[in-house]
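Asks: Listed below are the residues making up each chain.
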Amino acid sequence: MSGGITVLRAGPLATIQDAGRFGMLRYGIAASGPMVRGAFAAAGALLGGRAGAAIEFTRTGLDFRAEGEVEAAFSGGAFSLSVNGEARDWNSALQLAAGDLVRVAPGAWGNYGYVRFGREIAVPLLLGSRATNSTVGLGGFGGRALVTGDRVPFGDAAEQGGAEGGGSATPSDAPVRVIWGLHADLFPGAMRQLFVDKSFEISTRLDRMGVRLARGETFPQAGILSLVSDAVVPGDIQILGDGTPIVLMRDHQPTGGYPRIATVISADLDRFAQMRPGSLVRFEPVTLTHALAAGKAAR
Amino acid sequence: MSEPLMLPTIVPLGDRALLVRFGTSLGERANRAAVAFARRLDDAAPEGIEEIDPNLVSVLLRYDPDRIDPARLAGELRLMLSLAEEEPETPGRTHAIAVHFGGEDGPDLDAAAEALGMSPSQFVAAHNAAPLRVLTTGFAPGFVYCGFHPKTLNLPRRTEVRGRVPAGTVLFAAGQTAITATPIPTGWHVIGRTDFINFVPDRSPPTILAEGDLIAFSEAGR
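Protein chains in written order, with the working numbering: chain A, 3 to 301; chain B, 24 to 245.
Just so you know, not all the hints are guaranteed correct.
Said to hold, decoys possible - Subject to a maximum C-alpha distance of 16 angstroms in a straight line, what follows is the list of computed EDC-like cross-link-like pairs (lysine to aspartate or glutamate):
#	chain 1	residue 1	chain 2	residue 2
1	A	K200	A	D175
2	A	K298	B	D92
3	A	K298	B	D89
4	B	K174	B	D87
5	A	K298	B	D87
6	A	K200	A	E88
7	B	K174	B	E26
What the hints assert, rightly or not - Per the computed footprint, the stretches of chain B lying under chain A, defined by three or more beta-carbons under 8 angstroms from a beta-carbon of chain A, are:
#	segment
8	34-41
9	116-128
10	132-145
Just so you know, the hints here were simulated from the structure itself, not pulled from any lab data.
Ideal Cβ placement from N, Cα and C applies to all residues, glycine included.
Kindly produce the complete structure, drawing on both the sequences and the hints.
Replies: Here you go:
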């Protein structure tokens with residue numbers, strides 16, 4: 003089967019993502035996968051679970067032309083969607099015909115949106131996954147972000163996958179919940195207290211690897227020297243030598259040697275990923291039991 | 024490095040993984056204990072474990088919270104740990120790796136040798152004198168940490184980070200030799216280059232070296 007889409011305009015870092023490349027940490031490869039897992043799942047659920055890999059796009063959206071008939075579903079953040087100039091609902095599935103011009107324009111909130119199709123995206127499976135690891139340049143569309151003019155080919159009809167929706171990532175003033183991290187005990191109590199009391203600002207330096215927080219002067223002397231390099235998980239908040247906190251995201255390095263004060267809980271990582279530069283975030287420590295219950299409620 | 028082995032601790036890393044730690048600093052016994060424990064888990068993983076990832080002195084276990092409660096998993100891991108004798112690690116395979124030392128391939132070799140009070144050729148001879156163990160793969164795809172050199176070859180990392188070095192770059196710092204398998208920036212001393220690339224993305228598994236394997240370094244063309 004042929005078909006596909008042609009990219010007419012891609013914002014920075016539009017990548018192909020499936021659920022992720024799991025099981026590869028011991029070879030030095032992070033799982034990658036959607037920055038907003040709930041939105042990726044929601045787009046799949048809109049297609050009744052028969053959805054292929056996604057194109058994940060960033061705040062400025064994505065324009066493309068359908069090169070054949072295909073069903074498409076859109077979710078994640080609030081973007082504005084039109085087909086051949088006619089407005090359509092965001093968070094919806096629609097049937098596209100050959101030649102249809104789809105425009106995803108910036109909207110009210112969110113850093114990431116997803117389009118998934120009723121057909122699988124015909125890029126090779128690499129180590130069991132079509133996800134793009136932007137840090138390494140691995141997988142997806144030749145390991146790189148999509149650019150204007152790229153033709154993304156379709157393969158077979160997508161297989162039936164899990165049809166569960168995702169947790170809500172809608173913006174709220176609620177603090178982002180964390181579990182104290184691997185090295186929390188190495189930070190003086192006063193510094194841990196400041197970490198909880200203070201608001202941090204999402205800086206403009208954010209990508210699939212990590213989100214840098216501004217106002218990091220909370221941790222002037224966080225340079226805890228000669229830590230042994232250890233495993234990293236998405237959501238880990240590491241403090242650089244100059245005191246800057248970074249929340250590590252889906253394309254994180256698999257191991258790291260900077261001190262990590264806390265880890266964002268799974269239930270809140272999607273919401274955090276959608277926070278735009280300039281937003282303020284506060285962190286609230288919770289227990290593992292609380293995090294597990296919140297995760298269950300979000301699934 | 025015969026540091027005392029601390030009692031292993033089990034800590035949550037977020038709400039989807041536990042980390043079994045055999046040390047809080049890098050040492051040979053802690054590394055061997057982590058590698059051995061990961062092998063035992065590979066052979067018989069408790070229910071609900073999705074991934075086993077041995078690190079320098081720890082083992083990361085990703086679990087599915089719908090299949091196992093982490094408190095119960097931690098209990099089972101503690102039981103496994105308590106039943107463990109410090110058994111000798113099964114020896115891994117030995118790999119011969121030829122390195123082009125110094126020159127354009129290893130711009131930091133002369134300075135590293137000098138800092139250790141050696142001539143470049145003495146340094147290369149000392150570096151290659153005994154095989155090193157692969158301590159772990161991490162930081163980047165196929166990137167291996169190998170150790171340990173004797174104390175006479177202990178040099179801290181450089182103060183400045185160098186821009187991306189190519190795959191196959193041989194690095195030296197902190198009593199270890201590391202080999203890159205993808206282009207990465209590095210703060211280690213760049214001492215040479217090998218044609219051996221420990222990352223083949225379309226192969227499964229994608230790496231050739233495994234933790235516990237031995238590496239015999241030699242000078243290329245000799």
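Asks: Confirm or reject each hint.
Replies: For each hint, the structure was consulted:
no.: 1; hint: K200(A) with D175(A); result: 14 angstroms, holds
no.: 2; hint: K298(A) with D92(B); result: 12 angstroms, holds
no.: 3; hint: K298(A) with D89(B); result: 8 angstroms, holds
no.: 4; hint: K174(B) with D87(B); result: 43 angstroms, violated
no.: 5; hint: K298(A) with D87(B); result: 11 angstroms, holds
no.: 6; hint: K200(A) with E88(A); result: 45 angstroms, violated
no.: 7; hint: K174(B) with E26(B); result: 14 angstroms, holds
no.: 8; hint: 34-41; result: holds (count 7)
no.: 9; hint: 116-128; result: violated (count 0)
no.: 10; hint: 132-145; result: violated (count 0)
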